[in-house]
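Participant: Take a look at the letters that make up each chain.
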Amino acid sequence: MLGNCIKNVRTAVPLVHNITNYVTVNDVANILLACGGSPIMSDEPEDVEDITSICGGLNINIGTLNQRSIEGMFRAGKKANELGHILLLDPVGAGASALRTGTAVKLMDELKFDAVRGNISEIKTLALGSGTTQGVDADVADAVTEENLEEAVAFAKDFAKKAGCIAAITGAIDLVSDGESCYVIRNGRAEMGKITGTGCQLSGIMTAFLVANPKEKLQAAAAAVCAMGLAGELAWARMQDGDGNSAYRSRIIDAIYNMDGDTLEKGAKYEVR
Amino acid sequence: MLGNCIKNVRTAVPLVHNITNYVTVNDVANILLACGGSPIMSDEPEDVEDITSICGGLNINIGTLNQRSIEGMFRAGKKANELGHILLLDPVGAGASALRTGTAVKLMDELKFDAVRGNISEIKTLALGSGTTQGVDADVADAVTEENLEEAVAFAKDFAKKAGCIAAITGAIDLVSDGESCYVIRNGRAEMGKITGTGCQLSGIMTAFLVANPKEKLQAAAAAVCAMGLAGELAWARMQDGDGNSAYRSRIIDAIYNMDGDTLEKGAKYEVR
Amino acid sequence: MLGNCIKNVRTAVPLVHNITNYVTVNDVANILLACGGSPIMSDEPEDVEDITSICGGLNINIGTLNQRSIEGMFRAGKKANELGHILLLDPVGAGASALRTGTAVKLMDELKFDAVRGNISEIKTLALGSGTTQGVDADVADAVTEENLEEAVAFAKDFAKKAGCIAAITGAIDLVSDGESCYVIRNGRAEMGKITGTGCQLSGIMTAFLVANPKEKLQAAAAAVCAMGLAGELAWARMQDGDGNSAYRSRIIDAIYNMDGDTLEKGAKYEVR
Chain A
495 MLGNCIKNVR
505 TAVPLVHNIT
515 NYVTVNDVAN
525 ILLACGGSPI
535 MSDEPEDVED
545 ITSICGGLNI
555 NIGTLNQRSI
565 EGMFRAGKKA
575 NELGHILLLD
585 PVGAGASALR
595 TGTAVKLMDE
605 LKFDAVRGNI
615 SEIKTLALGS
625 GTTQGVDADV
635 ADAVTEENLE
645 EAVAFAKDFA
655 KKAGCIAAIT
665 GAIDLVSDGE
675 SCYVIRNGRA
685 EMGKITGTGC
695 QLSGIMTAFL
705 VANPKEKLQA
715 AAAAVCAMGL
725 AGELAWARMQ
735 DGDGNSAYRS
745 RIIDAIYNMD
755 GDTLEKGAKY
765 EVR
Chain B
495 MLGNCIKNVR
505 TAVPLVHNIT
515 NYVTVNDVAN
525 ILLACGGSPI
535 MSDEPEDVED
545 ITSICGGLNI
555 NIGTLNQRSI
565 EGMFRAGKKA
575 NELGHILLLD
585 PVGAGASALR
595 TGTAVKLMDE
605 LKFDAVRGNI
615 SEIKTLALGS
625 GTTQGVDADV
635 ADAVTEENLE
645 EAVAFAKDFA
655 KKAGCIAAIT
665 GAIDLVSDGE
675 SCYVIRNGRA
685 EMGKITGTGC
695 QLSGIMTAFL
705 VANPKEKLQA
715 AAAAVCAMGL
725 AGELAWARMQ
735 DGDGNSAYRS
745 RIIDAIYNMD
755 GDTLEKGAKY
765 EVR
Chain C
495 MLGNCIKNVR
505 TAVPLVHNIT
515 NYVTVNDVAN
525 ILLACGGSPI
535 MSDEPEDVED
545 ITSICGGLNI
555 NIGTLNQRSI
565 EGMFRAGKKA
575 NELGHILLLD
585 PVGAGASALR
595 TGTAVKLMDE
605 LKFDAVRGNI
615 SEIKTLALGS
625 GTTQGVDADV
635 ADAVTEENLE
645 EAVAFAKDFA
655 KKAGCIAAIT
665 GAIDLVSDGE
675 SCYVIRNGRA
685 EMGKITGTGC
695 QLSGIMTAFL
705 VANPKEKLQA
715 AAAAVCAMGL
725 AGELAWARMQ
735 DGDGNSAYRS
745 RIIDAIYNMD
755 GDTLEKGAKY
765 EVR
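Chains as they are written, first to last, in the numbering used here: chain A, 495 to 767; chain B, 495 to 767; chain C, 495 to 767.
Incorrect hints may have been included.
Copies of the same chain look alike in the list, so a pair counts if it fits in one copy or across any two.
[Stated by the list, open to error] In the EDC-like style, the derived pairs of lysine to aspartate or glutamate whose C-alpha atoms are separated by at most 20 angstroms in a straight line are: (1) K501 to E685; (2) K600 to D544; (3) K688 to D754; (4) K711 to E727; (5) K573 to E644; (6) K655 to D633; (7) K655 to E674; (8) K606 to E543; (9) K651 to E710; (10) K656 to D737; (11) K656 to D603.
Treat the hints as calculated values from the structure; they're not laboratory data.
Work out the full structure: start from the sequences and follow the hints.
Facilitator: Below, the structure written as structure tokens:
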């Protein structure tokens, strides 16, 4: 079933508007193309409403936010909501600065997201700060492990239910929940943490997966997480003597480019709780 | 003859000022170095006049325009015109938003460009909107094919003549016209569309080719288009099992790096109409 | 001894705040990860103080400066100074525009840097313009060669002493001085100049080396310069038929990723004057 999600992306070729950081933006664009989507970037407040109107989804990533791009995020997000487009938040660095935390929380409170993707400390920050997630018990560790998995799953479900969106919490073990059930995903490799932007890239393709699979959002989000992790595994298998994180980064995008539905279906490692 | 154009770039090492988008800027810089040029990036209005003054050409790309960089484009463009420098416009996304269309049209109306490079829908948007191209018949299809080639060539010539600059319209078939004659170029591969920024990269090297070949501008622009397409062909021939769009992107820049005049001369596929 | 410096980076995993240009920012992030550090990027004035507070060092690079990011540089730099964090300046393009020269000079005058890294013409611009370096004899050639090495070393020492920081002047021959002694380094390859951003990358890892080796700053800065040059040599040895500057760029980052202390110790080519 997860395999169909990437097939649908390749068929639909969803146009995804990205308001994202300038660190990893090129990789986000290339991995969106690799998975079968089509990227467009625009963060100027005067420009974003027109651009998001012609797209199917909007990926908001606060990685190198500034006052101008923050205004762009709100204007684009409101337009996307009006039009019923897919809307995803990647709260990069929420918790690390007042501006990031405040912006992420305000985005959660003023916009209706289909999905939020971040690491557990970013999602905890949202849980503690946002009015929409009031009452979420965020007393969970800062890394999801086999030992604390049960409480992490409970946290993911609780957050997703109260926020009214899919929560994708990524790390050594990934959790994707819609509030009712939770995919526990064990794809990926630790070395992916030595590349800048694998999280940003995942948020990009997750938006495309959601646009192309509107009736199966939980599955689509889980498929994107599995695809990214599986790409990390397949790319590692192609590493050659002397290769490092730069070759790895390129090979991961290539693995997404070459991934078909069957490969994803067979390679996805998950259980549903 | 086209082969000489890249030789001249390698001899002249033209310094090219780029006001370009943050998505593909690194690739634009590296491909400019690969072809023998030297890139410098600056978009702050207070900075651009000084920077463009020490360069030979200015490449204006509106891919991720904002109010500040738009001001930079006009200030730099006016200075480049004053100094008689090569000036190129890449109207990324003209037609997709009011700000992009309006900015591109205003740039055309207030500045004197040596060349404009875009896809046919972007160039049609300019044809319809700009006072300098009034009366251009833009009733041409949105993709140049063998079937509609004759009318597309007529459109390219008409646009170039009325705009008073070289029109480089790129796609499956590329057209480069100065208003009198038109190069019809059949280099390249469809897979280049799966990489972000091959168009931006072409605009970068085209600026360098124009600076280094000031007396043969039509030929220089056509040579840049052939070089980029040929690089796409040569890079594809080097693709290995498991490679995807990320490896392809890197191999294209490398193909430009290794391209000499003879390779370009022999590999260029064009006719002049 | 230099080999220990990279070992210490891998052990300490220093978090480095970068206010840097959007051309090479992705490479700076990936090479910081490759050497064992951890990068974070932020240039919004409202954000930078919080971000720099959680880091160990701040790398200020003026490559695509704008009025907003300039304000961010001063605010972040003052906070870094208050906290006693490592602070490095990369004055990209100082001398090429009034804004760049003025900004770099003002940064030197208002902040206390641990190190400044640039090419000789950039450092000469600082020597001539900054109050903190008054009286430095900048009558030195614009390229360091074996012929003018003695006067270049004298200039590096004089600049470092008067500026009260480490001066890292990079080019065909690299000089790293603390005002008392000067490392003369002969690692690297000319082809590194055909890649955009090897200087920016060096500034990034030098900041990490300084954070991880706070008691041996001169050695740490010299080790970073040797590591970058050695990576250029090792990467070149891995170049394959058809590779160009794009493959080279990736292989250099990979060489840093795979470099251990012994490799650096044995491969570093330097004398101390």
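Participant: Run every hint past the structure and note whether it holds.
Facilitator: Hints versus structure:
| no. | hint | result |
| --- | --- | --- |
| 1 | K501 to E685 | between (27 angstroms within a copy, 19 angstroms between copies) |
| 2 | K600 to D544 | between (23 angstroms within a copy, 19 angstroms between copies) |
| 3 | K688 to D754 | between (26 angstroms within a copy, 16 angstroms between copies) |
| 4 | K711 to E727 | neither (24 angstroms within a copy, 39 angstroms between copies) |
| 5 | K573 to E644 | neither (38 angstroms within a copy, 41 angstroms between copies) |
| 6 | K655 to D633 | within (17 angstroms within a copy, 52 angstroms between copies) |
| 7 | K655 to E674 | within (7 angstroms within a copy, 64 angstroms between copies) |
| 8 | K606 to E543 | within (16 angstroms within a copy, 30 angstroms between copies) |
| 9 | K651 to E710 | within (17 angstroms within a copy, 50 angstroms between copies) |
| 10 | K656 to D737 | neither (44 angstroms within a copy, 42 angstroms between copies) |
| 11 | K656 to D603 | within (12 angstroms within a copy, 52 angstroms between copies) |
Comparing the model with each numbered hint stated earlier shows that hints 4, 5, 10 do not hold.
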